[in-house]
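*Asks:* Residue numbers (numbering that gives the first Met the number 0), protein chains in the order written: chain C, 0 to 334; chain E, 0 to 398.
Hints are computed from structural coordinates only; laboratory data are not their basis.
Just the calculated beta-carbon pair ranges, DEER-fashion:
1. C:181 with E:378: 47 to 57 angstroms
2. C:105 with E:64: 22 to 32 angstroms
3. C:268 with E:322: 55 to 65 angstroms
4. E:322 with C:164: 31 to 41 angstroms
5. E:322 with C:106: 51 to 61 angstroms
6. C:303 with E:338: 47 to 57 angstroms
7. E:64 with C:237: 36 to 46 angstroms
8. C:268 with E:296: 52 to 62 angstroms
Idealized CB from N, CA, C, for every residue including glycine.
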Amino acid sequence: MNTLDGASRRSFLKQVLSGAALLSACGGRKLLAAEPGETAAKSRVVVARDVQLRGTGSTVESGRMLKLLDRAMQAQFDRDKPVEAWRRVVLPGQTVGVKVNTLGGRGIASNLQLVEAICERLQEAGIKASDIVVLDGDSEEMEHGGFLVAMGGDRVQCYGTDRTGYEQELVEQGSVGSQLSKILTRRCNVLINVPVLKDYDGAGITCALKNMYGVIHNLNKYHPNGCNPYIADLNMLPEIRTKMRLTICDATTVIYEGGPGYKPEHSWKHNALLVAQDPVALDSVGWQIIERKRAEMGLKSLESENRALRYIATAADLEHRLGTNDPRRIIKVEV
Amino acid sequence: MFGEHDLQAAESRTMRGERNTLDRRWFMKCAVASGAALGTSGKPAAEISSGGSMQKQDDARFVVEAKFYQKLANKKIKCKLCPRECAVGDRERGYCGVRENRDGTYYTLVHSRVCAAHVDPIEKKPLFHYLPGTEAFSLGTAGCNVNCKFCQNWDISQARPEQIAAEYAPPQRVAELAKQNNCPTIAYTYNEPVIYSEYLMDTADAGHAAGLRSIVVSNGYIQEEALRAAYGKMDAVKIDLKSFSESYYRNVVTGQLKPVLDTLVTLRKMGKWTEIVYLVLPTLNDSDAEFRSLASWIKTYLGVDVPLHFTQYHPEYLLKNLPITPVATLERAKAIADAEGLHYVYIGNVPGHPAQNTYCPKCRKLLVERVGFTASKMQIRKDGSCPFCKHPIPGVWHV
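Excised from the complex, chain C in its bound form (with noise of 0.2 angstroms):
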């Protein structure tokens, strides 16, 4: 039996507490994911928009996304290069389940640009294509939302819970108990949250919290109270929390009044894209966005119309740290 000695163990410690061991046992590159419960100090949501992100028409061009996706991620992990900081984010090996929103149908889901631009700079950074799965909670509202259902082969996987079921076993926290999906339980170890912005009846906005609600059989429990507590319970659920690594929110179409559905009256071209690891920092960056529109559109705020996201304070407390909501804490990064 080999028993270290104590230098040695001295050492060792040392190099634990320092993340040295961490650096090794991943082949020398560190992951920057949270650990649960965890907040950075200072929380970096990056901002990054592209007025001319459509050219001359209606529809995203994909070279554009890709650049402006690029230009996210380089800012938020301070690398020179795309795949750089990719690759802070997933190690080769591993299977990533992007989770979009396909909910509001076409004109409002998940921009379908931004997803084959994360695709292709996932592969880059060593993921297999077959281990690249696009997900949503049904695979025919996915594909009123403009994704291609695939299943199976050599490509990237796409398709929604109703094709694999849920997990029999419930799992608890705090005020919620559900059934989780079985792609996220047994298919992906690795989340990237792709949510889009938009204003939402009962919490205010729905974003990057909410987005989670696609993972959980019996999400129509937990609306009440404007969805609190239950956005930050679900978070807080260990097979959400412990695989999410990053949120990339799609808000180059942004909802202001009326959301989920696609209401094209109340909607702008926003053109950006909203980078953070800490979701709560996310949603109140895109909170504001909202709410910055909505005064420039002559409407009351969320709070007036007693809509204010008390949800997001619940996820920032104490007994959840899910991420910081205070503007002294989070760095925005305009790109």
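Chain C is fixed; fit chain E onto it per the hints.
*Replies:* Quick look at chain E alone, frame taken from chain C:
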């Protein structure tokens, strides 16, 4: 409703050696595979449709415009079916998970969408003062408008319809099946029938046209207009009164007590035969004070002749940490209700307990003896009176 699943399990343990527990997942697997709905008493309920298969989410056959809602601006709607009054945006569903706003029109997604069907003894509902010894063709869908942490049927009540295998069973077909199985009654049960009110109403009409009665097993969490329209078609109603405490309703049921009490009063005014079940959860709703308040309220607002069933809880869903209700607790509850002056207080889910029998409140003679789910002796006269002292025994006793 909540007790039926557990009663089924209890029955299968005592009566059928070949299966220790009969859970709903096993049942649905067999029912879908065989295209038949099997009664847990071993009685096939006959095929609902040939070659049953999983239904697609958007199967138009099940989608019917809802009743009891109000259109609002921005394509929103306000549901007026139950006290939640969900304000539902376009492409969203209400709390129940089975009613959906599509472009500003509200739809039920579960009309004729049956995911559970059995032929059950009427005593299993439980209804003790309604056609004893007969059977009810019983059905349910997905969905519920509350989320009781002790729900015995949570795997269907808390599910969305597309998550559960179902059969297409239009009202006429249900009536045919009930007749084929010699059931004088159709029972709407298993999940919460409030949320499939449209289907319930249409099926009750089809049943009445065929000479069949209808009964409902419900949480009573429904608005008055819908109550009068839907349960007005029922021939008997069993209400699950979960507790006599608003905080319990808020924390354990995610509902409210007062609307349920209002429902009971309205049913009385409507002249509907009503029985009440109170599921006793150890430490949560089993205090003497609560039993006393409950019994006193029933006596004052409904009368002493409303049957009250205190039933035993078997751990399930999100309250598996609680023990089975001690029989002594149920007997204590019964003693308190008896002392308050209620005439028909029963103990449920304890097969063989003498408090499952019906006794004349005047002469105390045994009138209906029950063994398990079977009324083994029924002595009430055709005019509904005690054969010994002629005291009227309220109920619906004969077909």
